[in-house]
Amino acid sequence: MILRLLLVFALPFTLVAAAIVRAPQNPEPPEHYLVKVNMQGELLGAWEGPWSCVCDKRSGLLWEVKTDNEDIHDGRWTYSWFIDSEGVANNGDCYFELNRCDTEDLIRHTNRERLCQAGNWRLPTLSEINTIISKDNKPGSPTIESEYFPKTMRGDYWTSENKQKLSGIYRYLTVGGTAVNFIGGDRVTIPYRNAAFVRLVTSRSTACHKAPQ
Amino acid sequence: MSNRSKSPSWILLHGAAVVAVTCSLFSGLRIATLDKPALITIAELLPQGEVHTVHFVSAILLSLAAAGYLISRIPYFRNLPGISTPKPINYHRLVTWGGVSLLITSLLSGWILFNGLGPLPWLRSIHFCSAIGLVFYIFMHGGVYLMQFGLRALPFILKPSLPKRQYLPLVSLSLGTFSLGFLLVGSWYLIHGYSHHPLAVAEISPNTIINIDGMASEPQWQQAQILTLRTDGGANFYKGRSDVQLKALQNGQEIFFHITWQDPNESLAHLPLKKTAEGWEILQSGYKIFDEKRHYEDKFAILLSENCSFAAAGTAHLGQSPLADKPANWHGKGYHYSTSEQVHDLWHWKAVRTNKMHLADDNFIGKPDKVRPGARRYTAGYQQDSKESGAYRMNWKWYSPTTITPKRLPAKTDQLAPYQYSLPHSQSPDWTISWFDYQPYSSSHDQFPLGTLMPSVLYTSNRFEGDRADVRARGIWRDGHWSLELVRKLDTGSSQDIPIVDGICMWVSAFDRAQIAHTRHSRAIQLSFDKTL
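Top line first, the protein sequences correspond to chains A and B.
Quick note on the working numbering: the first sequence kicks off at 464 and runs consecutively.
Quick note on the working numbering: the second sequence kicks off at 2 and runs consecutively.
Take these hints with a grain of salt, some might be off.
What the hints assert, rightly or not - A short, non-exhaustive set of chain B residues, derived as facing chain A with CB atoms under 10 Å:
(1) K7
(2) K37
(3) I75
(4) P76
(5) Y77
(6) V145
(7) Q149
(8) P156
(9) R394
Calculated directly from the structure, the hints in this document are not laboratory data.
Heads up, the beta-carbon is just placed ideally off N, CA and C, and yes, glycines get one too.
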């Protein structure tokens, strides 16, 4: 009789009690090769913020994160390609320069600021920027992991490659720079004077070397 | 226990009732978690996924068993003498009659709910209480038999009586099972295929101008057929209930809807920001788990699909983790997603975020999205159509349940004057703020007094453009009702939309200052393009 009592009443009661005690667990972020880094160079969890940079554990590169607060990292600002007197100066649009903007302006300001406690910020090479292209995105989103790289525009982003031969309607300008289009992740060669977007990178950061491998 | 074995028909009907009640209880309690959060505490015991179909099929089986039982009793009633001798009352007889009463209540209330008739919140409570009563009944009936007789009770309900020709009970049991199965499949086919609410879509001339202003003042609306639908199970409203009225017109190129629904208040204070001694806070009660039910805008959702299955074209999958290989949801209610390649159109009108754009957010439900590690909220198949530009933005740099830093502050302090009323009675007409009338946040500009309220929805330069802007819509609230007009091309050509043709199905849901806790209805609405005005 005691066994029957246990089976009929105690077992279901125990199951209900166990279900109540074992409350469903909240979701946890999965492991990922991208790590958020805040302005002070500290690593953040995948669902923490705000963050100013992203470390890619695969490449060891630290990437600038764009904003919409009208500071120097605002994702809407555009730049003409200009480095070491090569290219076209001040032909992009931003709010942080008295004149218009070029790539060297953003690099100078970012290094002065020591974004994420890192220096040596520069334009990425084509192969470097290709490492953050992600093509399996939500409809209409740029070809990048927007959850880590918000405010990315569906447009051209400069690389460090210059003196590239122009063709078609730009042939008369002879050479230009290489950019990557974040609509489809394609490489394009465009004149230096073009106003394109920029995402800086550095390979010399303490933060990214601290990221768990 | 009587030594008399039971007849094959009794065993069949009792077995069917046991299976049906068990399936109904588990699936029904899972459905009840949508508007009874306390049940989440036992969610580990409840099934997950597309449980509505299980619930409806088990309801049909239980109804057939009940009908079969009544039919099997006809000879008994016919043979009753003028004054029958009442059987002695004992514990099991009393409990059985109690159980029968609960089953009748459960079936009646369930079918009335399914049909959307009667005072839904009360009926839903009665349906829920009868289910809880049935749980106790199972223990008092089956449990006590097991206590009394142990496993010896099982042959009594599973083994038919054996007359001289022993194969007969088995034959009749097999025939009965086959007949019951045939009736179950047939009933399901009829209910699944022919229980829709028809909505006549009247044809109008392409030259007729319909202003999408929420007023529905054109004479064509007066002539259009009205479909009235009772929806319930949402947060707030009238005990979670809102009656919806729908009208539809089409001109060969576009389809127009005029929808009105009950809502006691116009809720526009969408996650407002409040200045406190610690800084700015978002007024919220459940936003952290994506289930805000207090400080949110009113909304209305329309799902359109070529699939007319129950549970919103079979897209409603309940539970915290209905997808084993995908992240759990925070609120434990479930996900919408498609189990095939089929895309379902979802229009999501929002009283603050899209109404000023004169749009409904054109979304869709597709296959479960891939897991995106940086996204705290996984939405499975619920996704937005692509857009070229335009958006609203929330006025915080990073969400926190405690304090946040606004992205922007008013350029002039008097810009916040219209919002300084005690919530929720504030009736400011516009709870959006203009990006360009505000300036980037800086602590030096943040000199607002404690208690200051500020809207959180920032409009940037323009409205949505592209696929996401395919549905023009405008709603106005008046005298306890929202009145919403919508229009979309019958065929947008987009892979994220479905062409609207004769016979497609539709579901509607109203939200009263709630993020996801929407009202619902069981039977699909089916569009019928057969009337010319």
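Are there hints from earlier that the structure breaks, and if so, what are their numbers? 1, 2, 3, 4, 5 and 8
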